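S.K.: Listed below, chain by chain, are the residues.
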Amino acid sequence: MTTRSTPERLDEAVETLLAGERPAVDAELRPLTRLADLLADVLRPMPPGPRFEADLGRRLAVEGGRRRVTPGRLLAAGALSSAAVGVTVTAWAMWRSSRRAPALSHRLLQR
Amino acid sequence: MTGRAEPAPRRPADVGDADLPAVRAAQADPAAFDVLYRRYLDRVYGYAFYALGDHHDAEDATERTFLAALAALPSFRDEGASFRAWLFRIARNTVSNARRTRWRRRTEPMPDGFDRPAPNADPAGLVARADETRRVLRALAELPDERRQVVILRFVDGLSAREIGEVLDRSPGAARVLLHRALRDLEARLRP
Chain A
1 MTTRSTPERL DEAVETLLAG ERPAVDAELR PLTRLADLLA DVLRPMPPGP RFEADLGRRL
61 AVEGGRRRVT PGRLLAAGAL SSAAVGVTVT AWAMWRSSRR APALSHRLLQ R
Chain B
112 MTGRAEPAPR RPADVGDADL PAVRAAQADP AAFDVLYRRY LDRVYGYAFY ALGDHHDAED
172 ATERTFLAAL AALPSFRDEG ASFRAWLFRI ARNTVSNARR TRWRRRTEPM PDGFDRPAPN
232 ADPAGLVARA DETRRVLRAL AELPDERRQV VILRFVDGLS AREIGEVLDR SPGAARVLLH
292 RALRDLEARL RP
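Protein chains in written order, with the numbering used here: chain A, 1 to 111; chain B, 112 to 303.
To be clear, the hints were calculated from the coordinates, so they are not data collected in a lab.
Bear in mind that the values here come from a model prediction, so they are computed numbers and not experimental data.
Glycine included, each C-beta is placed from N, C-alpha and C at the ideal position.
Be aware that one or more of the hints could be misleading.
Claimed, not checked - Far from chain A, some chain B residues (derived; all Cβ distances over 12 Å):
1. Leu131
2. Arg135
3. Arg200
4. Asn204
5. Asn208
6. Thr212
7. Asp256
8. Ala272
9. Asp280
Unchecked claim - Below, a sample of chain B positions facing chain A; criterion: calculated Cβ distance under 10 Å:
10. Asp140
11. Tyr148
12. Arg149
13. Arg154
14. Tyr158
15. Phe177
16. Ser186
17. Val267
18. His291
19. Arg295
As the list claims (entries may be wrong) - Far from chain A, by Cβ distances over 10 Å, these chain B residues were calculated:
20. Asp128
21. Ala133
22. Tyr161
23. Glu190
24. Gly191
25. Ser207
26. Arg211
27. Arg213
28. Ala239
29. Glu253
30. Glu257
Only chain B is shown next, with the shape it has when bound in the complex (with noise of 0.2 Å):
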């Protein structure tokens, strides 16, 4: 198993709706968005990013999505769903539309450049890890969509596979089996 440098600020899952006092903030006053803003950028815009494959689409989704939730807002409700299962069905449908207006432009998926190497590594091992990274992205960006979807909500925005059920209208067990199959899928595309 590789080791992990950095590891990544993901929030443990179905620790119930942490963000409820924050969207009920929000909801007395739209100024106080800011909040969930600040606490969901990096992951929408990581969603976005590793959905769309290029940072200029990832923006584009990223604003629309928090300006829908903003305006959304009022109408949220706590009613089994979470914020975040919320704010990432926003998300998804954003992206969908974002890679039905890419396909018809049909630009490149999956850039070079987000490698973020450790500071004093040594560059045989940069190398093999930036070749390592190309396959994980490439394989991951030939997945079907929802497989893809589901990957990326796992692993980037640590979604739990309740969370997951909700963005994509699946039960938990659904969404568990459709990760599965995800990943020997994926499995199978990295298999030398």
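Only chain A is shown next, with the shape it has when bound in the complex (with noise of 0.2 Å):
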């Protein structure tokens, strides 16, 4: 038979208490035994103000609606960024067109 520790055995009797049951304990662990009693009838989970509540839930959705990955949107940022790269690329093209047309008339006229 294992010993158990007497962490384990304080955690197997708050274990039983949060359950909602009275664990049975010797006389060491009974004053921890009867402190995790007090902290779970004083220590309540609280409910933040119904207000809170809406308003972040409100948020949320708002925050899960923009994150929503749907076909239709995945086809619109394809289009969109197909769109961004032909322009930029046109706009380079056109740059570098405008920046060595000057550099060749100059050679021309040199000769």
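Take each chain as given, in its own frame, and dock them per the hints.
M.R.: Have a look at this one:
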């Protein structure tokens, strides 16, 4: 038979208390179990105000909606990024050609 | 031992991760996060309130926790740690940041006003209970941070030793030892 440590036995007693039952404990654990019972009574879950609950619920719904990935949104994002790449490449090509043109004419004039 | 007028609806510990279906649903559609939000709001708020001792700070920490959880939910994997341990890990980090910020602001911890007397209770009993509650909360507020956290996670949120270990980066055995030390420390502080 294995001997369980005091922390293990205390944890088991607390588990029993939190389940709403009275644990059977020895004299060593009795004061701590009494305190645990008091804590279980005093430290109750604390609900926030209904207004806060509703406000945060709304904010999370908006955030959730923003993060939702739908096929339509994926298509739109794909189209937008393709268009952005196209515009960037065209702008770069135009810029390059405008830089080359004076250099070429300058060389021709020098001949 | 004191009797409990209203047993808090705490979940039994170590029953497997019953949140997984809701987590999977929220990962597929973030709008479904609402289920997890409603399920854990009171617990996260309670944890933040008892750790910070101020309703406004607790609301702020609760909001940050849920927003961070929603943002990080796609990265949650069912690899040993339960969803609630994962969520309380986020809450713990948020509360730690809030405590650091509040320490700079230096506000008073643990206000009164959270004793909820049972209807028809006798006035003398109410006064005694309020005094006892204040004494316990004051002693709890004086505990070293990790000991206070373990008491709140165990008694307010009903987390098991394994889950507390996951939240605090300890083994389940170390979490049990921490709880034992915390209760001994608290008992010594409450001794007349």
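S.K.: Find the nearest Cβ of chain A to the Cβ of Arg213 (chain B) and say whether that gap is larger than 10 Å.
M.R.: Correct as stated: the minimum Cβ-Cβ distance to chain A is 18 Å, above 10 Å.
S.K.: Against chain A, with CB atoms and a cut of 10 Å, does the hint on Tyr148 (chain B) hold up?
M.R.: holds, 6 Å
S.K.: Against chain A, run the beta carbon of Phe177 (chain B) and see if the smallest gap drops under 10 Å.
M.R.: holds, 6 Å
S.K.: Does the interface hint hold: is Arg295 (chain B) within less than 10 Å of chain A, judged Cβ to Cβ?
M.R.: Holds - the Cβ of Arg295 (chain B) comes within 10 Å of chain A, reaching about 7 Å at its closest.
S.K.: Are all C-beta atoms of chain A more than 10 Å from that of Gly191 (chain B)?
M.R.: holds, 20 Å
S.K.: Would the stated hint for Arg149 (chain B) survive a check requiring a Cβ distance to chain A of less than 10 Å?
M.R.: Holds, about 8 Å.
S.K.: Mind verifying the non-interface call on Glu257 (chain B)? Its CB should be farther than 10 Å from each CB in chain A.
M.R.: Label holds. Min Cβ-Cβ 15 Å, cutoff 10 Å.
S.K.: Was Thr212 (chain B) rightly flagged as not at the interface, with every chain A Cβ beyond 12 Å?
M.R.: holds, 19 Å
S.K.: Just double-check Tyr161 (chain B) for me: nearest Cβ-Cβ distance to chain A has to come out over 10 Å.
M.R.: violated, 6 Å
S.K.: Decide, holds or violated, for the assertion that all CB atoms of chain A are farther than 12 Å from the CB of Asp256 (chain B).
M.R.: Asp256 (chain B) is indeed farther than 12 Å from all Cβ atoms of chain A, at 16 Å.
S.K.: Are all C-beta atoms of chain A more than 10 Å from that of Glu190 (chain B)?
M.R.: Consistent with the label, Glu190 (chain B) stays out of reach of chain A, its closest Cβ about 23 Å off (over 10 Å).
S.K.: Beyond 10 Å from chain A, beta-carbon-wise, is Ser207 (chain B)?
M.R.: With a cut-off of 10 Å, Ser207 (chain B) remains clear of chain A, as the shortest Cβ separation is near 19 Å.
Hints 8, 16 and 22 from the earlier list are contradicted by this structure; the remaining hints agree with it.
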